[in-house]
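What follows is the residue order along each chain.
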Amino acid sequence: MKHPLSVTEAIALIPDGSTIMIGGFMGVGSPLNLIKELVRQGKKSLCVIANDTAQKGMAIGLLIDAHSVNKVIVSHIGTNPETQRQMIAGELEVELSPQGTLAERVRAGGYGLGGVLTPTGVNTLAADGKQLIEVDGQSFLLERPLKADFALIKAQQSDYFGNLRYRLTAQNFNPLMAMAAEHVIVEVEEMLPVGCIPPDDVHTPGVLVDMIVKSEAKA
Amino acid sequence: MNDKEIIARRIAQEILPGSLVNLGIGLPTMVAQYVDQAASVFFQSENGVIGVGGFPEGMENPSLTDAGGSFIGVLPGAAAFDSAFSFGLIRGGHLDMTILGGLQVDEQGHLANWIIPGKMVPGMGGAMDLVTGAKRVIVAMTHNAKGKAKVVASLAFPMTADRRVDLIVTEKAVIQPTKNGLLLKELGPGCTLEEVISLTDATLIIPDDLPHMQI
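From first to last, the protein sequence lines are chains A and B.
By this note's numbering, the letter at position 56 of the first sequence is numbered 57, and the numbering carries on one by one without gaps.
By this note's numbering, the letter at position 41 of the second sequence is numbered 75, and the numbering carries on one by one without gaps.
No lab work stands behind these hints, which were simulated from the structure alone.
All values reported here derive from a predicted model rather than from experimental measurement.
Incorrect hints may appear among the rest.
[As the list claims (entries may be wrong)] Computed Cβ-Cβ distance ranges for the label pairs, DEER-style:
(1) A:128 <-> B:74: 35 to 41 Å
(2) A:140 <-> B:237: 27 to 33 Å
(3) B:213 <-> A:96: 32 to 38 Å
(4) A:191 <-> B:90: 19 to 25 Å
(5) A:193 <-> B:190: 51 to 57 Å
(6) B:213 <-> A:128: 19 to 25 Å
(7) B:213 <-> A:40: 52 to 58 Å
(8) A:191 <-> B:179: 45 to 51 Å
(9) A:40 <-> B:90: 30 to 36 Å
(10) B:187 <-> A:14: 54 to 60 Å
(11) B:190 <-> A:200: 50 to 56 Å
Note that CB positions come from ideal geometry on N, CA and C, so glycine has one too.
Sequences are here, hints too, so could you generate the full structure?
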């Protein structure tokens with residue numbers, strides 16, 4: 002059984018300088034309470050792997066505003082001018098990865114693969130520094146797997162084993178990240194007794210989840 | 035009818051009944067308004083859903099948005115999934131069509147739409163995967179921006195994918211990139227051939243039969 006920790010206890014376990022994956026897409030499906038607590042505890046020098054940096058003052062954007070992050074690996078920063086400002090000012094390293102490639106790199110990290118071969122990005126700037134591999138006459142980029150020290154993810158429901166069910170488009174990168182990190186902290190809307198999520202409806206099995214934090218408010 | 039409506043209405047005619055279509059943010063999203071409901075088109079949003087449809091006024095769900103972060107509705111029969119699956123649909127040849135905005139398209143049919151080096155670095159998001167993987171790529175853009183042509187001989191900005199797009203639709207023209215160059219297919223409402231040539235910085239192949247858009 003895993004009993005929910007307070008957001009303070011869970012985040013206190015994350016050292017400065019950690020590589021953390023954060024679920025969500027423009028803040029939808031992001032663990033907003035966990036993110037706010039990272040800022041409140043003044044974490045520094047984080048490397049964040051996520052789809053995007055949301056907007057200034059919102060979700061992962063809060064970590065950018067607080068200068069908690071040294072590097073981001075993301076697919077998109079167009080909605081957050083502060084990320085672009087810090088990148089241009091040399092305060093923040095930004096590695097851009099095509100969104101489908103980013104998803105596959107996280108998946109590869111979690112599934113124990115040495116990388117993935119994708120046609121996306123061949124002969125573009127996204128191919129810089131990457132190995133080109135030909136398979137049956139078609140060119141692919143070798144994209145390396147991503148792993149993290151911590152995954153901070155968001156689910157709609159968890160039972161006390163940590164079995165998770167996501168909701169609609171709040172799913173996005175969350176189940177992939179739950180596989181790809183050493184420690185998985187999930188923020189959930191609702192705690193249910195074991196057995197209340199039917200086996201067919203479990204998106205992420207509880208064995209992958211290390212810590213559960215209950216959302217303080219509907220986020 | 036304004037320029038964007040002309041473009042959206044013309045592109046809507048390209049969408050086949052029962053197909054799976056991904057619409058980019060902005061102008062491409064407008065296309066859905068002009069697609070016949072009876073055609074049962076499936077709209078995908080790459081953040082993880084098939085079956086986008088209808089604006090959920092008063093029923094906004096914080097866990098149901100499009101790739102631009104806007105609240106959306108879904109139709110009965112919709113399906114939700116994770117990002118790897120969503121891009122598997124896109125890259126794996128399951129997506130019939132993507133409609134994207136563009137900064138420029140060149141004579142080879144290459145699209146640039148994700149970066150203006152030194153000026154604007156939004157990142158590629160899903161654009162590279164979409165242009166690489168969709169069966170058909172349609173570019174929706176105004177013919178000119180700030181007086182400058184967007185259909186050009188060669189790209190001034192980095193390309194999105196090493197793939198020839200299938201169709202360019204502007205308010206002035208419908209252009210089909212081919213292996214021999216840019217084939218002008220139709221003129222915009224009220225446009226003359228001379229006007230289109232003067233507003234384009236690329237060589238166009240002009241056919242004998244050149245109709246106006248029927249919208």
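Going through the hints against the structure:
A beta carbon spacing of about 38 Å between residue 128 (chain A) and residue 74 (chain B) agrees with the range 35 to 41 Å that was offered as a hint. Taking the beta carbon of each, residue 140 (chain A) and residue 237 (chain B) are about 28 Å apart, inside 27 to 33 Å as hinted. Between residue 213 (chain B) and residue 96 (chain A) the CB atoms are about 35 Å apart, so this pair conforms to the stated range of 32 to 38 Å. Hint check: residue 191 (chain A) to residue 90 (chain B), Cβ distance near 22 Å, so the stated range 19 to 25 Å holds.
Take residue 193 (chain A) and residue 190 (chain B): their Cβ atoms lie about 55 Å apart, and the range 51 to 57 Å holds. Restraint check, residue 213 (chain B) to residue 128 (chain A): a C-beta distance of roughly 23 Å satisfies the suggested window 19 to 25 Å. The given range of 52 to 58 Å is respected by residue 213 (chain B) and residue 40 (chain A), whose C-beta atoms sit roughly 53 Å from each other. The hint said 45 to 51 Å for the Cβ distance between residue 191 (chain A) and residue 179 (chain B), and at roughly 48 Å that hint holds.
Here the CB-CB span from residue 40 (chain A) to residue 90 (chain B) is close to 31 Å, well matched to the stated 30 to 36 Å. Residue 187 (chain B) and residue 14 (chain A) have their C-beta atoms about 57 Å apart, which keeps the hinted 54 to 60 Å range intact. For the hinted restraint 50 to 56 Å between residue 190 (chain B) and residue 200 (chain A), the CB-CB distance of approximately 55 Å keeps it satisfied.
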